[in-house]
Each structure stands twice: as structure tokens, then as C-alpha cells.
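Trainee: Okay, here's what each chain looks like letter by letter:
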Amino acid sequence: MGRKGGTFLLLAPAVFAIGATTLYPLVFSFWTSFHDWRLMKGLRPGAFVGLENYITAFTDDPEFWTVMGVTVRFVVLDVALTILAALGLAVLLVRRGFARSLLRTLLILPFAVSPALIGISWRFMFNPEYGAFNRGIGAVLPFMDKMDWFASTGLATFALISADLWHWSPYFAFMLMGGLAAVPPETQEAARIDGASNWGVFRHVTLPQIAPVLLVAVILKTVFALKVFDIIVTMTGGGPGMQTTTLAYFAYNIGFRDYDMGYAAAVSYVLTAILFALSFVYVRHIMPVRR
Amino acid sequence: MSRRTAQLLESALLVVVALFILFPIVWMVLTAFKPQQLIYHINLIFTPTLDNFREVFSPRWQVGAKVLNSTIIAVSTVVVTIPLAVAAAYAFSRRHFPFKRAMFQWILLTQFIPGVAIILPFYLMFRSLGLLDTYAALVIVDMAVVLPYAVWTIKGFIDAIPEETEEAALIDGASLPGLLRYVIVPMARPGIITAAVFCFILTWNEFLFALILTRNQVVPLSVGIMSFRLERGDLWELIAATGILIAIPMFFLAMVIQRHFTKGMNVGAIR
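Heads up: the sequence lines are chains A and B, in that order. Read in order, the letters of the first sequence are residues 1 to 291 in the working numbering. Read in order, the letters of the second sequence are residues 1 to 271 in the working numbering.
A portion of the hints provided could be inaccurate.
[Unchecked claim] What follows is a set of in silico ranges between Cβ atoms, one per label pair, in the way DEER data are often shown:
1) A:ALA151 x B:THR5: 40 to 48 Å
2) A:ALA182 x B:GLU164: 23 to 31 Å
3) A:GLY136 x B:GLN105: 46 to 54 Å
4) A:TYR24 x B:LEU230: 33 to 41 Å
5) A:TRP199 x B:GLN105: 36 to 44 Å
Hints in this document: simulated from the structure, not taken from any laboratory. Where a beta carbon is used, it is the ideal one built from N, C-alpha and C, also for glycine.
Chain A on its own, in the form it takes in the complex (with noise of 0.2 Å):
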């Protein structure tokens, strides 16, 4: 074999695996969103509904609604907060010194702890009767001592957050000094001489200069938020009620409380046709940025 022969033989392999593991899984989803299959009726899939499913979701079920307005606000909230607590990291860190390049180093350790384990831990901290943080809340801010934060929307959501954004901002953190780290300084320089302050240097000339990797920072954050699914289970079961039911739990619930095939397919469909939608927002201007 020279240096072109065994192109097949060198693709096949992946090329098989990625297409059965994920191409196959997706047109069976969207195959199984067109028909009739709840698992308590029957183990075979029963008969073609067209797009009774997805009528069902937009249509008949409050849920789904309710469930689409937790998931933008959840979205938009972590978004927000996860990018803002990134940036404020990655200025911090992005200069040399002992203690910065520590706590670069410190700052992966979120990013290895499983997601699952993190709400449970959360859990246990933000507890109303013993929980570290919330004894500490309590301490700062008398009012909220002995709160039960899963009882409400408001701080349940939070929790959530806080606990997503703890695993992620770090990650967000890195990718930014990228960013940081290829602004040539003389920019700055000549905008200091100018006699701009630090916050105008960095709102006017650093800040434009990192929008492209900001935006990609922006979107991924989007779909990781989107996906997140972990936390939500471990930590506040989707409630209180179904206030921190996103998307992806809710078509979980669906498929493997409810064993309603057709509709939790339908349900992933929509979180999916969102997602794509963001990909090719990434693609079209990301793409041509990357190799």
C-alpha cells in the first residue's frame, strides 16, 4: 500500500461506528415520532399517527409549554451567568504569576467532577436543615436561613445554575484567555497612551477583539445547556413541580416513566431540531475561523 491505497480500509471502521452510533439512533427516533408506540399497550411499535405526536406537544399537552418556558428561561439565565463568570475569570487569570498559573491549574478540577455527583452535592449543601451553603447564606442574610431552596422556582433554578456553572465556567475560562492571550498587546498599549481607562481598554479594543471566540463560547454554552440533564435528575428531580423541568428531562420522563415511545421521540425531535439549528449557526461562522 502506498500513500494513497487504503483510504477505505483506514475510514471504514469509524466511519461505521459514528454512523450506526449516531446517524442510525437519529433517523429511528424520527422514524418511531411518526408512530403510536406506548410500551405498556404492546413491545411492538403500533401504527403510523403522522404527525400526531408533534400536533399533541403544540397543541394538547400544557406541559410541553410549561416545560419550553422552564427550558428558555433555564437556557438564557445559565447562558448569561456561565459566559459572564468565564470572562471575569479568564481577565483575572490570563496574566503570569505563581498564584494565577495555581489557580489555572485548580480551575480543571470542576470541569473532571462528574455532573451527576455535582447535583448531588448540591443537594446536600443547599440542605434547609444542615447544608453548608445554606448555613452560610443564612448566616450573611438572615432571611433566608432555613429556606428550602428546591420549594421554589426561583431558587431551585439558581441551585441548578450555580452547580452547572461551577462545572462549566472553567472550561468557558480557558477558551477565553485563548482569546485573551492572541490580542496583540500594542492595542492596548496605544489605547492606555491615548488615555483610555482599564475599563475603556477593555470594553473598546479587548472586548471587540475576543467577540468572535466570545460567540463561540456563547453558542456551545447554549447546547451544553440545552443538553444538561445530570443535574437536573440528581438534584431537583425537575421540581419544584415541574419548574426545573427542561426539554431533554421532560422528554425523558416521557419515554422511560411514561414508556410513551412516539411522543418522547416527537418530544427529543423538537430539542433536536433546536440544537441543529444552532449548529448551523456554528457552522456558518465558526467554521471558516477553524482549519
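Assemble the complex: chain A is given as a structure, and chain B must be docked to it using the hints.
Mentor: Chain B in isolation, oriented as in the chain A frame:
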């Protein structure tokens, strides 16, 4: 603001960041080593005990079996994934073939697929094949996440190898397997290690697929930790001890690839 106050403020911020990162981890470690009667107190000073670890490894909870399951699943996934990924990454980097661009875009696109859309068909398929609660089922589904990621990370590193090195090997009569084994793999080693470590961490921490596909035979740690949540309440000291077993090995692995992070991540490197 004087220079001195600015410096103080900065140091204070650095301390806050350190606390932010470490507090949840330290709290888990403290809880894991606390005697049971102190779990619900905010004591920082106590005589550490290994009782909680002894308890989780006891026949009642069988965390040892779950450690083994997690290890088998993660090691198998990495061992199957990496060779496939290296071969495909080399083809994507050096060869031309039909639909190359479309295939590579699909590889990027897979990271946008929600897990729940993938697991539904696999659950139905594995159930009818009698493969629920087997290692094979989990390894296959985990590859949906890690294989595309590995292909694309390793491709980046192979792209950076100068083509002349290969030419030299080819002139010396190297075959394709020889070229991969003696030239490409050694030169792309940092990328291959990075991809392997990432794949290991992602598989070890994976939760959704394991939650659906396992019952009792092959339950990994990430799902097994839920068994300490009982009707009568959560057994926090045992959750914390198991949490240590989940997190600490991953901390060491993450340190192996820390250069990959701190060098400033590839723009768009997604999991």
C-alpha cells in the same frame, strides 16, 4: 484607586476564586471522613475516620463492584475508540475521498445531538436483543459521544505533523500500518493522550445512558451513587465517600492533560 488598593483587591479576588473552586470539593472530602454523628454539623475539626469508606465497600452497598464496572466500561470504550479514531483522523488529515467535507461536518454535528434522542432507539434495540445491563451496550452507546470527538481532536494533531516526515518513511519503504505505527502515532502522541484522557473522563462520568441501560449487573459509580438516596432520606456520608471515589481519579487524569487546557484551548473544541 491607588496601585496598592488595586493589588489588594486583586489578591482578594484570587482568594475568592480559589474558595469558589475548592469549597464544594473540600466539603465533600470533609464529609466523607467525618464520623457519622457529625455529618449534620458544620464542624471543621473532628477525628477523621474511614468508617464511611468501609461501609460503602460492604456487601450491602457493593461500591467495589461499581468501581470495577466504571473502570471496565471506560477502559473498553477508550481501547475501542482510540485506534478507530487514529486511523480515521489520519485519513481526514491526509487523504482525499468523496463526501469528505460532509462526513467531517457530521462529526462536528454529532456533538449537537441530545443524548435522549440517541438512547431511545438503543434502549428499544438492546431490550429486544437482551443486551440491557451489559458492558457491550454501554460501550457502544458511549462511542456515539467520544468517537467523533476523538477523531476530530487527533486530526488536529496529525495536521500539525509536517508531510516531509512521512515522505521520508515512505521512501524507506514503510507500509501504511508501519507509517501509522512508527511515524504518526509517536508524533501525534500528545493529541492521542489528550483524546484518550478526555474520552475516559467523559465515559467515567456518563450518567444518562447508564441510568437507562443498566439495572444491577453493570451499574457504574455515576449511577450507583443514587442508591444512597432512600425513602427515609439521603445517606450523605456514604454519598460523599463514593463521591471521592468518583472524583479523585478524574482529578489525576485531568492533571495529565492540563497543558492542553492551560495552553489556551482550541477555539471550538467541544466535548
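Trainee: All hints are to be evaluated individually against the structure, with a verdict given for each.
Mentor: Results for each hint:
no.	hint	in the structure
1	A:ALA151 x B:THR5: 40 to 48 Å	holds, 42 Å
2	A:ALA182 x B:GLU164: 23 to 31 Å	holds, 28 Å
3	A:GLY136 x B:GLN105: 46 to 54 Å	holds, 47 Å
4	A:TYR24 x B:LEU230: 33 to 41 Å	holds, 39 Å
5	A:TRP199 x B:GLN105: 36 to 44 Å	holds, 40 Å
Taken one by one, the earlier hints all hold for this structure without exception.
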